[in-house]
Structures are given as C-alpha cells and as structure tokens.
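Q: Sequence:
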Amino acid sequence: MKASEIRNMTRDEIVKNIADLRDEHFKLRMRRSAEEIPNPLRLRMIKKDIARLQTILKEFDTKSGADIMSVPQEKEKKTK
Numbered sequence: 183m184k185a186s187e188i189r190n191m192t193r194d195e196i197v198k199n200i201a202d203l204r205d206e207h208f209k210l211r212m213r214r215s216a217e218e219i220p221n222p223l224r225l226r227m228i229k230k231d232i233a234r235l236q237t238i239l240k241e242f243d244t245k246s247g248a249d250i251m252s253v254p255q256e257k258e259k260k261t262k
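In the numbering used here, the protein residues as written are 183 to 262.
Cross-link-like lysine-lysine pairs, in silico, DSSO-like; alpha carbons within 30 Å at most:
1. Lys-230 <-> Lys-209
2. Lys-198 <-> Lys-240
3. Lys-184 <-> Lys-230
4. Lys-245 <-> Lys-198
5. Lys-240 <-> Lys-229
6. Lys-240 <-> Lys-209
Since the hints were derived computationally from the structure, they do not count as laboratory data.
Construct the entire structure; sequences and hints are all you get.
A: In structure tokens form, the structure reads like this:
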C-alpha cells in the first residue's frame with residue numbers, strides 16, 4: 183500500500199485498515215508457529231503497512247490540531 187493511496191482514505195478507513203492488518207498479522211504469526219506459511223515476506227510487508235498507516239494517521243491528527251504537545255517547549259538554561 184502506497185502512502186499516496188493512504189492519504190486519499192478517510193480517517194475511519196485508515197483505522198479500520200490498521201485493525202484488519204493487525205488481525206491478519208496475528209493470524210499469520212500463529213500459523214507460522216504451527217506450520218510453514220506460504221509467503222513469509224507477507225509478515226514484514228504487513229508490519230510496514232501498519233507503520234505507514236499509523237504515520238499518516240498521526241499526520242491527520244496533527245493537522246487537525248489534536249496533537250498540541252507536538253511542539254517542543256524550550257528549556258530554561260540554568261545559570262550559576
């Protein structure tokens with residue numbers, strides 16, 4: 183899944199895709215422990231897709247102003 187495809191989705195679609203991919207990842211991990219899976223690369227691809235979805239979801243939240251703490255506060259310098 184490409185980032186440009188994800189950016190065209192709504193927030194709800196992204197959240198649903200994350201849940202679906204997590205479920206699929208869990209099932210593949212359980213299947214891998216019991217038997218050999220036909221495409222072991224799929225596990226890595228799912229993890230990267232989840233990370234990509236979460237990153238773009240965070241971008242949506244930041245743009246909407248939901249993440250106020252994203253701006254770092256400057257620390258005061260201690261003087262002697």
